[in-house]
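Read off the chains here:
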Amino acid sequence: MNNALAVSGIVLKELYRRKDFYVLFILTALITLVMGSFKLFNDDKIVRYLKEICLLLIWVSSMVIAITTAARQLPAEKENRTIFPLLAKPITRGQLVLGKFLGCWFSSGLALLLFYVFFGVISGTREHQWPVLNYLQALSLHWIFLGVVIALVLLGSVVFTAVSSNATISFIVIVGILFVARHLNKIALQLAEPGRSIVYTIYFAVPHLELFDVRQLIIHNLPLIPWNMWLIACVYGIAYSLFFLLATWMVFRRKSLN
Amino acid sequence: MASPRFILAFLFTICLSCVSYLEPWYQKWSGAENRSGDFLSVLIGDSRRLFSNQMVAKADAYFHSGYYPTIFDAPKEKEESHLSGDNDAEAGHDEDHDEQPGSTNHVEHAEHQHSATCGHNQKSEDGFLGPPKDWIDRFGRKFFPSQHSHLESGGEREILPWLRLSAELDPQRIDTYTVAAYWLRKRLGKIDEAEQFLRDGLRANPDSYELYFQLGQIFAENRNNLVRARNLLEIALRKWQEQEKAGLKPNELSYQQITGNLAKLEEKSGNVAQAIFYLKLLQEKSPVPQTIQQQIDDLQKK
Amino acid sequence: MSAILEIKNLRVEYRSREAGQGIKLAVNDLNLKVQAGEVFGFLGPNGAGKTTTMNVLLGFVNPTSGSASIFGVDVREPIARQRIGYLPELTYYYKFLNTEELLRFYAKIFRIPRAERESRIDAALKLVELEHARKRLIRTYSKGMQQRVGLAQALINNPDLLILDEPTSGLDPIGRMKVREIIQRLKNDGKTVFFSSHELGEVETVCDRVAILNQGQLKVEGRVNDLVDQYKCDLEQIFLKIIGYEVAA
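Chains as they are written, first to last, in the numbering used here: chain A, 1 to 258; chain B, 1 to 302; chain C, 1 to 249.
It is worth saying that the hints were derived from the structure and are not from the lab.
A couple of the hints might just be wrong.
What the hints assert, rightly or not - To list a few chain C residues with every Cβ distance to chain A over 12 Å, as calculated: (1) E77; (2) Q82; (3) E89; (4) H132; (5) A154.
Said to hold, decoys possible - SDA-like, lysine to any residue: derived pairs with alpha carbons at most 20 Å apart: (6) K133(B) <-> E193(A); (7) K133(B) <-> S197(A); (8) K280(B) <-> G270(B); (9) K187(C) <-> T205(C); (10) K255(A) <-> K187(C); (11) K8(C) <-> G22(C); (12) K186(A) <-> V272(B); (13) K133(B) <-> A192(A); (14) K191(C) <-> S69(C); (15) K13(A) <-> Y14(C); (16) K95(C) <-> L12(A); (17) K78(A) <-> R253(A); (18) K19(A) <-> K95(C); (19) K8(C) <-> I138(C); (20) K255(A) <-> R104(C); (21) K13(A) <-> T140(C); (22) K95(C) <-> P131(A); (23) K190(B) <-> F38(A); (24) K108(C) <-> L97(C); (25) K255(A) <-> K95(C); (26) K186(A) <-> S197(A); (27) K186(A) <-> P145(B); (28) K108(C) <-> T82(A); (29) K135(C) <-> L15(A); (30) K135(C) <-> E14(A); (31) K285(B) <-> N251(B); (32) K45(A) <-> P131(A); (33) K95(C) <-> F38(A); (34) K133(B) <-> L12(A); (35) K133(B) <-> N2(A); (36) K133(B) <-> L15(A).
C-beta: ideal position from N, C-alpha, C; glycine also.
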């Protein structure tokens with residue numbers, strides 16, 4: 001674990017020394033503030049559209065940060081040949097994969113925290129209410145979601161050769177899951193066999209990432225998710241992250257580094 | 001060998017010559033759309049109308065606090081409910097007319113219109129999710145809005161940005177103005193804003209009888225300015241008749257509303273003969289002419 | 001003296017990327033022993049299998065057959081790398097770090113206690129003469145400085161065995177001399193150095209023993225002086241003879 005944490009520290013340093021995060025944060029803040037500055041029908045109390053736009057930008061930005069950071073980790077180590085002096089030290093490939101995951105996850109978490117604080121301030125000042133627990137639930141579920149995404153992208157990075165193809169494929173898969181996964185059972189019911197069984201199998205097999213997207217609950221000030229359900233969702237997400245990490249390690253440990 | 005500066009100057013001259021030749025042709029070819037100066041129409045062209053519909057759907061989803069069917073939720077039912085929404089609206093208003101000619105219940109109208117515009121009715125709203133199909137479905141319902149509710153107590157304001165955006169995307173979409181004006185006027189007490197929005201709509205749609213009618217209603221119901229209300233309703237009626245003559249098949253329910261309200265307004269002003277005139281116009285298009293006749297008789301007795 | 005690096009019947013095959021080439025043999029039945037405290041030169045023309053052998057020793061590549069061990073531990077075990085330092089031929093270190101941060105990171109991997117860590121970093125930077133640039137980002141370094149960063153990271157754990165893959169490649173004469181001095185100093189400190197190089201003059205100067213590899217096979221192995229006596233010529237001539245290169249008259 002010591003080695004994994006050391007590697008994760010490097011990933012964290014990389015994030016805050018690169019410009020991607022700052023650009024995305026400034027862009028999110030700028031768009032939100034510009035949208036918030038419009039006075040619609042002389043009504044200052046209209047806020048939900050602003051929350052929606054801000055949360056959408058946060059989701060897109062966090063996904064871009066997580067996917068691009070995770071996708072380049074292992075390929076960049078190989079491409080820049082930094083992997084050679086690193087693996088020549090007493091560190092296992094499993095520790096390297098875990099370290100990369102933790103680094104990406106922690107850095108995404110930090111970015112997310114900053115984004116949500118900004119969101120909280122913007123919506124709080126407009127709505128004059130501070131549903132901290134709701135935001136905490138949304139933030140934690142979002143972070144778990146990014147964990148699954150990062151693990152999935154790391155797996156992609158040991159399967160696909162090019163960083164760009166991995167990032168693009170991962171992005172499409174993740175967005176596809178977010179939009180469609182919840183409805184696959186309905187699609188299955190409209191199909192004949194064997195299509196029905198195939199789609200149903202996919203429905204049960206894919207990680208239901210849409211569970212972690214609770215933006216609608218936040219935007220419309222709906223009540224808290226029951227805490228036991230929140231906990232089950234967290235366990236579900238962590239289990240999927242571990243599954244993808246294990247698969248990554250299984251592929252990566254056999255790879256020759258030439 | 002020519003110097004690079006000479007080549008640069010030569011190429012620049014070619015570019016200038018080409019552009020001075022092509023520009024007039026392009027201006028002619030690109031037509032009115034490019035000259036409109038509207039950023040959105042230049043950027044996304046006619047596809048903005050699709051986005052406009054999507055914004056109205058978004059407003060409807062907001063009205064239900066996010067509880068809204070997706071394309072995967074019983075698409076067949078949704079399509080039927082869209083049509084039935086329109087039918088319900090018309091049927092409902094005919095019943096209103098039976099009871100209170102000339103005093104159309106506009107609250108119901110706007111809500112019906114809202115429902116029809118947004119493509120679903122109460123029945124489909126309540127149960128589009130159906131019972132959970134499996135454990136993932138049951139579990140997942142804790143993580144998105146799965147209870148039917150409507151915005152109230154001023155919360156309705158939250159739908160307005162999407163309607164404004166819809167109007168920006170498709171200024172020719174009349175429903176956007178009438179629905180927004182309804183919520184502004186009836187639920188949020190924002191009469192000036194409602195009038196302003198309707199006038200924005202009129203600038204883009206100068207022949208819209210619906211917008212004149214809604215403006216007339218503002219002056220009749222909220223500003224108590226019967227003269228201006230009458231003027232506006234008369235313009236609405238004239239626009240409707242012009243469209244009918246042009247074979248554009250304007251909405252008959254709107255005709256009933258315009259004539260009914262004109263009749264009511266004249267009655268209120270003491271112009272009984274004029275009120276009877278409008279009721280007779282209404283009678284021509286009403287599915288229940290006997291009821292209208294009854295009202296005419298009542299007025300004649302006064 | 002005991003062998004601290006041992007290669008037995010090593011065979012490495014890999015799938016060629018060129019169409020129609022099939023399987024290529026990189027190393028064929030290699031047997032080698034490096035004794036503690038000696039400087040061992042691993043020579044051969046390009047494509048002879050030197051880097052592949054080193055990659056096996058560091059666990060980057062799995063052998064097709066045979067085995068390799070360092071300090072008696074199979075090279076596939078990470079613990080085998082606890083007491084070694086490695087300098088790759090061409091390496092770019094994390095460009096967003098400065099040298100101090102890079103060395104601190106590697107020190108953490110070696111689990112060097114926090115109290116000892118800083119003094120090790122100081123010592124390594126002093127040895128490679130990079131103390132003045134310790135806070136500068138690595139991306140601002142010249143090639144020679146980057147090579148010295150490589151040496152510093154290879155020395156951070158005070159290793160008993162150093163594996164250096166062409167440590168002087170691309171360096172100017174002063175850079176080469178400095179690397180040679182460092183190897184000499186390590187030798188004086190009793191460290192074992194296993195390195196590959198094309199600079200045969202430099203190998204002749206610093207090495208106790210050499211092995212010459214050609215087309216994946218070990219052609220010659222022995223003490224430098226013995227080989228010079230045996231072939232009656234310098235190491236460069238020996239090398240050219242062994243790889244079958246005829247010098248034009």
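Status of the hints after comparison with the structure:
no., hint, result
1, E77, "violated (9 Å)"
2, Q82, "violated (5 Å)"
3, E89, "violated (9 Å)"
4, H132, "holds (22 Å)"
5, A154, "violated (7 Å)"
6, K133(B) <-> E193(A), "holds (18 Å)"
7, K133(B) <-> S197(A), "holds (15 Å)"
8, K280(B) <-> G270(B), "holds (17 Å)"
9, K187(C) <-> T205(C), "holds (12 Å)"
10, K255(A) <-> K187(C), "violated (35 Å)"
11, K8(C) <-> G22(C), "violated (25 Å)"
12, K186(A) <-> V272(B), "violated (60 Å)"
13, K133(B) <-> A192(A), "holds (17 Å)"
14, K191(C) <-> S69(C), "holds (17 Å)"
15, K13(A) <-> Y14(C), "violated (36 Å)"
16, K95(C) <-> L12(A), "holds (14 Å)"
17, K78(A) <-> R253(A), "holds (14 Å)"
18, K19(A) <-> K95(C), "holds (14 Å)"
19, K8(C) <-> I138(C), "violated (39 Å)"
20, K255(A) <-> R104(C), "violated (28 Å)"
21, K13(A) <-> T140(C), "holds (17 Å)"
22, K95(C) <-> P131(A), "violated (42 Å)"
23, K190(B) <-> F38(A), "holds (17 Å)"
24, K108(C) <-> L97(C), "holds (15 Å)"
25, K255(A) <-> K95(C), "violated (25 Å)"
26, K186(A) <-> S197(A), "holds (12 Å)"
27, K186(A) <-> P145(B), "holds (18 Å)"
28, K108(C) <-> T82(A), "holds (16 Å)"
29, K135(C) <-> L15(A), "holds (19 Å)"
30, K135(C) <-> E14(A), "holds (16 Å)"
31, K285(B) <-> N251(B), "holds (11 Å)"
32, K45(A) <-> P131(A), "holds (17 Å)"
33, K95(C) <-> F38(A), "violated (43 Å)"
34, K133(B) <-> L12(A), "violated (43 Å)"
35, K133(B) <-> N2(A), "violated (45 Å)"
36, K133(B) <-> L15(A), "violated (43 Å)"
Of the numbered hints listed earlier, those contradicted by the structure are 1, 2, 3, 5, 10, 11, 12, 15, 19, 20, 22, 25, 33, 34, 35, 36.
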